[in-house]
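Below are the chains, spelled out letter by letter.
There are 2 protein chains.
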Amino acid sequence: MKKIITVSRQFGSGGRSIARRIAEELGYDYYDSELTNKVAEETGFDPSYIADAGEYAPGRSILSYALSNPSPHSTGRHMNAADYLWATQSRIITELAEKGNCVIVGRCADYILRDRKDCLNVFIHADDAYRAKRIVDLYGVRDKSPQKRLEEKDAKRSVNYKYFTGREWGKTENYHIALDSSVLGSETCVKIITEIAKETES
Amino acid sequence: MKKIITVSRQFGSGGRSIARRIAEELGYDYYDSELTNKVAEETGFDPSYIADAGEYAPGRSILSYALSNPSPHSTGRHMNAADYLWATQSRIITELAEKGNCVIVGRCADYILRDRKDCLNVFIHADDAYRAKRIVDLYGVRDKSPQKRLEEKDAKRSVNYKYFTGREWGKTENYHIALDSSVLGSETCVKIITEIAKETES
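Chains V and A supply the protein sequences, listed in that same order. The opening position of the first sequence corresponds to residue 31 in my numbering, with each subsequent residue numbered one higher. The opening position of the second sequence corresponds to residue 31 in my numbering, with each subsequent residue numbered one higher.
Read the hints as simulated data drawn from the structure, not as lab findings. Check the hints yourself; a few may be wrong.
For identical chains, the list gives no copy identity; a pair is met inside one copy or between any two copies.
[What the hints assert, rightly or not] Straight-line alpha carbon distances no greater than 25 Å define the calculated SDA-like cross-link-like pairs of lysine to any residue that follow:
1. Lys186 / Lys201
2. Lys201 / Tyr141
3. Lys33 / Ala159
4. Lys147 / Ile165
5. Lys192 / Glu181
Please work from the sequences and hints to get the whole structure.
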């Protein structure tokens, strides 16, 4: 039985909904925006800023940031606002994982909890057509095309993950299970993951 | 019900054994070295050359080859021995898939059959310690360290896949399911994949 399920996901893949359903099925706590708010409270940052920063890092664009700042994996630099947020986020995720069985969405939780043996790390992705339809259904039409919105979100998550973890986002080897929700269907994804969580030794 | 299961795998992950077990469970044909021999017969190449070429491309090292030759995705170049092998391999895999339900290991079958809706594309990976132990158990000790053997094989498969498909090997989005056999165990992998193959619509 795995006690912690971390769920990373492509934007529009339905990974967040799948994560919530897994938590329901297993009777686990579920952390997502709650986590954001908790970080916001503790650090004194504004919650809407944190919601962004969880994916995009500091105040300006993550791309310009990542290009102009050495990664935390480099040495010889001072802690900035993004690092402070990261340190706080890491501590909170570690504490939540110790508190009890839970499902944690995003926030590099797979990396933060990498030394625990009781984590199941999941990645949910889907093809572009499925994701484009889903974000328009959920969030409505915007000036930018759905394709553009997907590309931007993916690029941001990828750069953020690389910046903080030194790893490639969406590489199979970072996850124990990666599933295509557009081919398998959300409910099949929920079923597979809950079964594996129950059957796999910690 | 998915009629074709393609299995790509990291060296030493046990992906080939998992593929064979899936074929047994589903009562599907299984293609691996048989496929190699069939290509060899048809092209007149020596079978041992083909076994290598399936992963490493032409006579000299794939790395030097890939660096000095434009990919088939470029235009304006003539067909060479590797391309001829690729064309033959593509045709044979397409024909085998049309012949009946089967499991196909490696050989970029996921890419070659990408337009079929009845394929389930699987990737099996495992952590380095598990793979290193497994290759020593299976193939014995060599002059090169197990770690070095893993790195070289992975690099070759990755370059080969990129050369012929234009895609990144081991990226989650190329597969419907990616599983870590070192954490989940081989039999759990077999079970998950056979269940999904049965339950997913073509």
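Next item on the list: Would you list, in rising numerical order, the hints stated earlier that this structure does not obey?
Entry: none
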